[in-house]
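**Student:** Line by line, the protein sequences are chains A and B.
Note that the first sequence covers residues 495 to 604 in the numbering used here.
Note that the second sequence covers residues 21 to 134 in the numbering used here.
Hints were generated in silico from the structure; no laboratory data involved.
The reader is advised that the hints may include incorrect statements.
For lysine to aspartate or glutamate, the following EDC-like pairs were computed, each having C-alpha atoms within a straight-line distance of at most 20 Å [said to hold, decoys possible]: (1) B:K62 to A:E538; (2) B:K62 to A:D532; (3) A:K497 to B:D83; (4) A:K603 to A:E495; (5) A:K535 to B:E23; (6) B:K117 to A:E509; (7) B:K103 to B:D83; (8) B:K117 to A:D532; (9) B:K103 to B:E73; (10) B:K77 to A:E495; (11) A:K550 to A:E538; (12) B:K62 to A:E495; (13) B:K117 to A:E538; (14) A:K497 to B:E79; (15) A:K535 to B:E21; (16) B:K77 to A:D591; (17) B:K62 to A:E499.
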Amino acid sequence: ELKVEQNPLFLSMQEGKNYTIYCNYSTTSDRLYWYRQDPGKSLESLFVLLSNGAVKQEGRLMASLDTKARLSTLHITAAVHDLSATYFCAVDGNNNDMRFGAGTRLTVKP
Amino acid sequence: EPEVTQTPSHQVTQMGQEVILRCVPISNHLYFYWYRQILGQKVEFLVSFYNNEISEKSEIFDDQFSVERPDGSNFTLKIRSTKLEDSAMYFCASSDKGMNTEAFFGQGTRLTVV
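Bound conformation, chain A alone (with noise of 0.2 Å):
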C-alpha cells in the first residue's frame, strides 16, 4: 500500500522568513499533488507534478518533485500571514488511490 509522509506537521514561522515542508511517499507513481486546507474548507489544489525536476511556482510558494528519491518539496518564501492553512501532499497510488499525507499545519506570525 502507498505510503505518504509528511513533515514537520506543524511549522510555526515568523513573517518574512522561508521554510520548507517535505512529502516523501513509498512506491514509484508519476503523479503528486499539494493542497491548502483552511479550518472548516475543502481542498484547494496549488499544485500537479508530473515528471522528475518538475518545479513549479506560483506566489511565494514553490513545489518540486524528485521521482528517484520518491521526495516532493513545498517552499515558502518571506511567509506572510495569508499562508496560515494546513498543506496536504498526495500521491497517486497504482490503482487510482490517490493517498494523502498527514498534513502540516502552518501558522504565520507577525
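We have chain A already, so just place chain B on it with the hints.
**Tutor:** Leaving out everything else, chain B in the frame of chain A:
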C-alpha cells in the same frame, strides 16, 4: 467554472441508521473518489472508482460502505448501520487525469452520528 457538488452539506443521523451521501462530479471526469476527514485531521482515502467499478478501497471501506454511480451523473456513498466513529467530514473528488489536471474536491458533507 465546473465544480464538484456534494449534498447534503450537513447530515445528522442516529446510530444504526443508513445514510447516503451524494456527489455530482465534474461532467467529463472519469475518476471518482471518496475521502473522510475527522475533525481537521488527516484526509483518509476510502475508495476510488473508474469505469463503473471500484479501482481500490482502503481498509476503512469495509462491508458497511458501498458506492454507486446510479445514473451517469451522481456518485453516492452509502453507509449502512452508522456508528458514532463514522462522524466526520466526507469529501468527494473527481479527476480526468489529464496533463496538469488535479483532482477537484467538493465542499464536503459533515456527518454527525448521535
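**Student:** Against each hint, give a clear statement of whether it holds in the structure.
**Tutor:** Against the structure, the hints come out as follows:
The hinted pair formed by B:K62 and A:E538 meets the criterion: a straight-line CA distance of about 15 Å does not exceed 20 Å. Distance hint between B:K62 and A:D532 is fulfilled; the C-alpha atoms sit about 13 Å from each other, no more than 20 Å. About 23 Å separates the Cα atoms of A:K497 and B:D83, which puts this hinted pair outside 20 Å; it is violated. Proximity of A:K603 to A:E495 is assessed by CA-CA distance (about 37 Å); at most 20 Å being required, the pair is judged violated.
Only pairs whose Cα atoms come within 20 Å are accepted, and A:K535 paired with B:E23 is accepted, the gap being roughly 15 Å. Between B:K117 and A:E509 the CA atoms are separated by roughly 36 Å; this puts the pair beyond 20 Å, and the hint is violated. Pair hint B:K103 plus B:D83 holds up; C-alpha atoms about 13 Å apart against a cutoff of 20 Å. A C-alpha spacing of about 25 Å is found between B:K117 and A:D532, which places the hinted pair above 20 Å, so the restraint is violated.
For the given pair, B:K103 sits about 26 Å from B:E73 by alpha-carbon distance, which is inconsistent with the 20 Å threshold. Distance restraint check for B:K77 and A:E495: the Cα-Cα separation of roughly 11 Å lies within the 20 Å cut-off, and the hinted pair is therefore satisfied. Our distance criterion of 20 Å between C-alpha atoms is met by A:K550 and A:E538, whose separation comes to about 16 Å. Between B:K62 and A:E495, the direct Cα distance comes to roughly 17 Å. Compliance with the 20 Å bound is thereby established for this hinted pair.
Among the hinted pairs, B:K117 with A:E538 is consistent with the structure: their alpha-carbon atoms are about 17 Å apart, no more than 20 Å. For the suggested pair A:K497 and B:E79, the alpha carbons sit about 13 Å apart, so the restraint of at most 20 Å is met. Our distance criterion of 20 Å between C-alpha atoms is met by A:K535 and B:E21, whose separation comes to about 18 Å. The straight-line distance between the Cα atoms of B:K77 and A:D591 is roughly 8 Å, inside the 20 Å bound, and the hint therefore holds.
The straight-line distance between the Cα atoms of B:K62 and A:E499 is roughly 11 Å, inside the 20 Å bound, and the hint therefore holds.
Against the hints set out earlier in the document, violations occur for numbers 3, 4, 6, 8 and 9.
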